[in-house]
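For the protein sequence lines, the chains are A and B, in the order given.
Residue numbers for the first sequence follow the numbering used here, so the first one is 1 and each next one is one higher.
Residue numbers for the second sequence follow the numbering used here, so the first one is 1 and each next one is one higher.
Treat the hints as calculated values from the structure; they're not laboratory data.
Owing to the predicted nature of the structure, the values given are computational and were not obtained by experimental measurement.
Don't take every hint at face value.
[Said to hold, decoys possible] Simulated crosslink set (DSS-like; lysine-lysine; CA at most 27 Å straight-line):
(1) K163/B with K190/B
(2) K302/B with K353/B
(3) K381/B with K90/A
(4) K190/B with K276/B
(5) K192/A with K205/A
(6) K53/B with K300/B
(7) K202/B with K90/A
(8) K224/A with K192/A
(9) K24/B with K192/A
(10) K353/B with K300/B
(11) K90/A with K276/B
(12) K202/B with K172/B
(13) K118/A with K381/B
(14) K90/A with K118/A
(15) K190/B with K381/B
(16) K190/B with K224/A
(17) K381/B with K276/B
(18) K302/B with K53/B
[Claimed, not checked] Okay, the calculated beta carbon distance ranges per label pair:
(19) P96/B with E101/A: 45 to 53 Å
(20) T75/A with E50/B: 47 to 55 Å
(21) R318/B with F94/A: 38 to 46 Å
(22) S260/B with T75/A: 21 to 29 Å
(23) E71/A with D327/B: 36 to 44 Å
(24) A86/A with T26/B: 50 to 58 Å
(25) P277/B with T104/A: 53 to 61 Å
(26) G93/A with K172/B: 31 to 39 Å
(27) G110/B with R159/A: 30 to 38 Å
(28) F94/A with R107/B: 34 to 42 Å
(29) A47/B with E71/A: 26 to 34 Å
(30) L23/B with T209/A: 20 to 28 Å
(31) K163/B with G197/A: 46 to 54 Å
We put the CB at the ideal spot given by N, CA and C, even for glycine.
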Amino acid sequence: MRIFSRWSSRMAILALTALLAVGSGGLCLRAALADGPDAAARDDDDPDEAAIERALSLRLFEENCLMCHTEEMVTAQRLTPVQWTAEVEKMIGFGAPVPPEEVTRLIDYLTALYPADKPRAVAPLVDAAYALRLNQQTLTAVPDAHPGVPERGAALFARNCAICHGETALGGDLGTNLVEKPVLLTPIEYTKVVQEGRRRMPDFKGVITETQEDDILAWLWSRKDGSE
Amino acid sequence: MDKMNQDRSRTEAGPSWLRRAWLKATLSMGAIASWPSSVWARDDEDAVAEGSKLIVRNRRPLDAETPVETLTQWRTPNNLFFVRSHFGPPATGIHPWRLNVVGLVERSQGLGLAELQSLEQVTVPAVLQCSGNGRAFFTPIIPGAAWERGAVGNAEWTGVRLKDVLDRAGLKPGVAHVHMIGSDGPPNPKTPAFLRSLPIEKALDPHTLIALTMNGQPLPVLHGGPARLVVPGWTGNHWLKWLRELTVSETEAPGAFMQSAYRLPRASLPEGVTPKPEDMVPLTAMNVKSLIIGPAQAAKLKPGQSEVHGVAWTGEGRITRVDVQIDSQPWTLATLEGPDHPFAWRTWRLPWKAQPGWHVVRSRATDSNGQTQADTSPWNKSGYLWNSIDQVECEVV
Numbered sequence: 001m002r003i004f005s006r007w008s009s010r011m012a013i014l015a016l017t018a019l020l021a022v023g024s025g026g027l028c029l030r031a032a033l034a035d036g037p038d039a040a041a042r043d044d045d046d047p048d049e050a051a052i053e054r055a056l057s058l059r060l061f062e063e064n065c066l067m068c069h070t071e072e073m074v075t076a077q078r079l080t081p082v083q084w085t086a087e088v089e090k091m092i093g094f095g096a097p098v099p100p101e102e103v104t105r106l107i108d109y110l111t112a113l114y115p116a117d118k119p120r121a122v123a124p125l126v127d128a129a130y131a132l133r134l135n136q137q138t139l140t141a142v143p144d145a146h147p148g149v150p151e152r153g154a155a156l157f158a159r160n161c162a163i164c165h166g167e168t169a170l171g172g173d174l175g176t177n178l179v180e181k182p183v184l185l186t187p188i189e190y191t192k193v194v195q196e197g198r199r200r201m202p203d204f205k206g207v208i209t210e211t212q213e214d215d216i217l218a219w220l221w222s223r224k225d226g227s228e
Numbered sequence: 001m002d003k004m005n006q007d008r009s010r011t012e013a014g015p016s017w018l019r020r021a022w023l024k025a026t027l028s029m030g031a032i033a034s035w036p037s038s039v040w041a042r043d044d045e046d047a048v049a050e051g052s053k054l055i056v057r058n059r060r061p062l063d064a065e066t067p068v069e070t071l072t073q074w075r076t077p078n079n080l081f082f083v084r085s086h087f088g089p090p091a092t093g094i095h096p097w098r099l100n101v102v103g104l105v106e107r108s109q110g111l112g113l114a115e116l117q118s119l120e121q122v123t124v125p126a127v128l129q130c131s132g133n134g135r136a137f138f139t140p141i142i143p144g145a146a147w148e149r150g151a152v153g154n155a156e157w158t159g160v161r162l163k164d165v166l167d168r169a170g171l172k173p174g175v176a177h178v179h180m181i182g183s184d185g186p187p188n189p190k191t192p193a194f195l196r197s198l199p200i201e202k203a204l205d206p207h208t209l210i211a212l213t214m215n216g217q218p219l220p221v222l223h224g225g226p227a228r229l230v231v232p233g234w235t236g237n238h239w240l241k242w243l244r245e246l247t248v249s250e251t252e253a254p255g256a257f258m259q260s261a262y263r264l265p266r267a268s269l270p271e272g273v274t275p276k277p278e279d280m281v282p283l284t285a286m287n288v289k290s291l292i293i294g295p296a297q298a299a300k301l302k303p304g305q306s307e308v309h310g311v312a313w314t315g316e317g318r319i320t321r322v323d324v325q326i327d328s329q330p331w332t333l334a335t336l337e338g339p340d341h342p343f344a345w346r347t348w349r350l351p352w353k354a355q356p357g358w359h360v361v362r363s364r365a366t367d368s369n370g371q372t373q374a375d376t377s378p379w380n381k382s383g384y385l386w387n388s389i390d391q392v393e394c395e396v397v
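If we strip away everything but chain A, and leave its shape as in the complex, we get:
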């Protein structure tokens, strides 16, 4: 979040003002948001408003797109407004949980940053061993001696996780499919995500104990991909 480090305290004040303005029905800011980031920047000489708009749009992008894939899939594209609209609508159809009132802002953000007439990005040339390790799990199989109890995990999952990840853990409104996914064989990542959260997933520190984590993992291991 490099822009925050540059504008920090001034940004905080302006963000607070912006939120208050929207909350109380501030017409000026609402109109600016509705017109998209470019319009806002044009209407206003204040670069801070454009920066706030850009930051909110970036967060919208991060929270609704990056649950399923990393950002390069999007940022490497160079599309017309019609093409960006089609892509965003396709992604919403695929389950991207973009709030309906924010769809226009997301499309405007992507169109502004990644238009068809901008030169293409250069994809990074990466050490092959490193690139291949990006997908490597810690374990190749479920360990025999594991303390988790799947029956207890089922109840814990239903209570804490199903609301986002779905009752069957195959994905829901806000959480992705967990069944037979690599995170289940990468216990460090699993623990980190449960304890610290990630984007729209809240942290469960103090809510889910280590034993309960083990139980939920054991239950997740027992789930089979729906193709069977």
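Once you've looked at the hints, dock chain B against the given chain A.
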């Protein structure tokens, strides 16, 4: 304080059971450990050659392209082979692997890996190319993974004939398609699953395999291990990874990845024109194509005796010739050499007396069906089947 420290070490080093097991595994000197050592993931048996690079178009799911100038071997090493999938590799080790064969069959099958390995194994060398290889070159720009030249490789695939597995099940009359799906479930129930189907004629082709081995190594997870489909001569979207279930049917598979993706208009249309759904037919065989491996794009060469070399392949038929053009000189026939298999690529070579200056080098392959590469590829809205004459620029100093 103690609880805080516990929590912190959990997020850094993982849960206690993992730390205990890791300690045991590292301290045990051949003594009985609590788990077999095979549970811990090891680096691939096939070590990555030092200095190998991949062009990473997306980290998760991994879409990575091979830099073309490193495709110097007839067999593309597994760890250099391009990587592509829609949903990324699943955790394949959680359940014992099982391939189900169901639908219009006399006897439903459920085959484990050992059983698949016990059937007759055949090896087919074949080129695997992403349907969208070259998409970045179409104008106007097309949405999608912006592959350039390197979403392609050649490997020796070993496994069971799909035909043999289907014969074990016994096909009922009226069968026309084989549906297939892997264990890479979609990230969300609203996202269509990667469900595809093959026409029965191609499914029963003796070269169509359920591959368990790639270049002599167990099929790596990133390349669809433990079992994937190999459909020699056809585009990569057919080569279904992490194969879990085959359903024999009278009809094509439903769903977006079969019914709307991976289709072309029956007849070529002007760019920007949207074809009607009923006028779209599935991609099948690849088209003829060549790649200049050396010189590399933007290479700097010494003047004097040099060479232009590369590879060429096609979908159906054989490569009959590769011609090379340097600057505006006449097209010159290159020498085809190396292994000659129906679905693998040929290597070709042309000596070149490199004079100082900036040069444009082009290659054009022709196949036994009379297909040849042209200056442009027919535009299609998905950016499939780019096969224009390959071209590199280099400088001789």
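Results for each hint:
Taken as a hint, the K163/B and K190/B pair is broken in the structure, with Cα atoms around 33 Å apart against an allowance of 27 Å. The straight-line distance between the Cα atoms of K302/B and K353/B is roughly 10 Å, inside the 27 Å bound, and the hint therefore holds. A hinted pair counts as satisfied when its Cα atoms are at most 27 Å apart, and K381/B with K90/A qualifies at roughly 15 Å. With a CA separation close to 24 Å, the supplied pair K190/B and K276/B stays within the 27 Å bound.
As the CA atoms of K192/A and K205/A are separated by approximately 10 Å, the hinted pair is consistent with the 27 Å bound. Annotation: proposed proximity of K53/B to K300/B holds, straight-line Cα distance about 20 Å (limit 27 Å). Between K202/B and K90/A, the direct Cα distance comes to roughly 32 Å. Violation of the 27 Å bound is thereby established for this hinted pair. A distance of roughly 23 Å separates the Cα atoms of K224/A and K192/A; the hinted pair therefore holds under the 27 Å criterion.
For the hint linking K24/B to K192/A, the alpha-carbon distance of about 23 Å falls within 27 Å, and the restraint holds. Using a Cα cut-off of 27 Å, the hinted pair K353/B and K300/B holds, with the two alpha carbons roughly 14 Å apart. With a C-alpha separation of about 18 Å, the suggested pair K90/A and K276/B falls inside the 27 Å cut-off, and the hint holds. This hinted pair checks out: K202/B and K172/B have alpha carbons roughly 17 Å apart, not beyond 27 Å.
In summary, the hint linking K118/A to K381/B is supported, as the alpha carbons are separated by about 20 Å, within the 27 Å threshold. Note on K90/A and K118/A: the hinted pairing holds, with a Cα-Cα distance of about 23 Å set against a maximum of 27 Å. With a CA separation close to 24 Å, the supplied pair K190/B and K381/B stays within the 27 Å bound. As the CA atoms of K190/B and K224/A are separated by approximately 18 Å, the hinted pair is consistent with the 27 Å bound.
Taking the CA atoms of K381/B and K276/B, the gap is about 12 Å. The hint holds against a cut of 27 Å. For the proposed pair K302/B and K53/B, the alpha carbon gap of about 24 Å is at most 27 Å, so the pair holds. For P96/B and E101/A, the Cβ-Cβ distance of about 48 Å falls inside the hinted range of 45 to 53 Å, so the restraint holds. Checked against the given bound of 47 to 55 Å, the beta carbons of T75/A and E50/B, roughly 31 Å apart, lie outside it.
Checking the proposed 38 to 46 Å range against R318/B and F94/A shows it holds: the Cβ atoms sit about 41 Å from each other. In this structure the hint that S260/B and T75/A lie 21 to 29 Å apart at CB holds, the actual value being about 25 Å. The given range of 36 to 44 Å is respected by E71/A and D327/B, whose C-beta atoms sit roughly 41 Å from each other. For the pair A86/A and T26/B, the beta carbons lie near 53 Å from each other, so the given range of 50 to 58 Å is met.
Between P277/B and T104/A the beta carbon distance is about 28 Å. The supplied range of 53 to 61 Å is therefore violated. Checked against the given bound of 31 to 39 Å, the beta carbons of G93/A and K172/B, roughly 36 Å apart, stay inside it. The hinted window of 30 to 38 Å between G110/B and R159/A holds, with their beta carbons roughly 35 Å apart. A hinted range of 34 to 42 Å holds for the C-beta pair F94/A and R107/B, which are about 37 Å apart.
A beta carbon spacing of about 31 Å between A47/B and E71/A agrees with the range 26 to 34 Å that was offered as a hint. Checked against the hint of 20 to 28 Å, the C-beta distance between L23/B and T209/A comes to roughly 22 Å, which is consistent with it. Remark: the range hint 46 to 54 Å for K163/B to G197/A is upheld by a beta-carbon distance near 50 Å.
Checked against the numbered hints above, the structure violates hints 1, 7, 20, 25; every other hint is satisfied.
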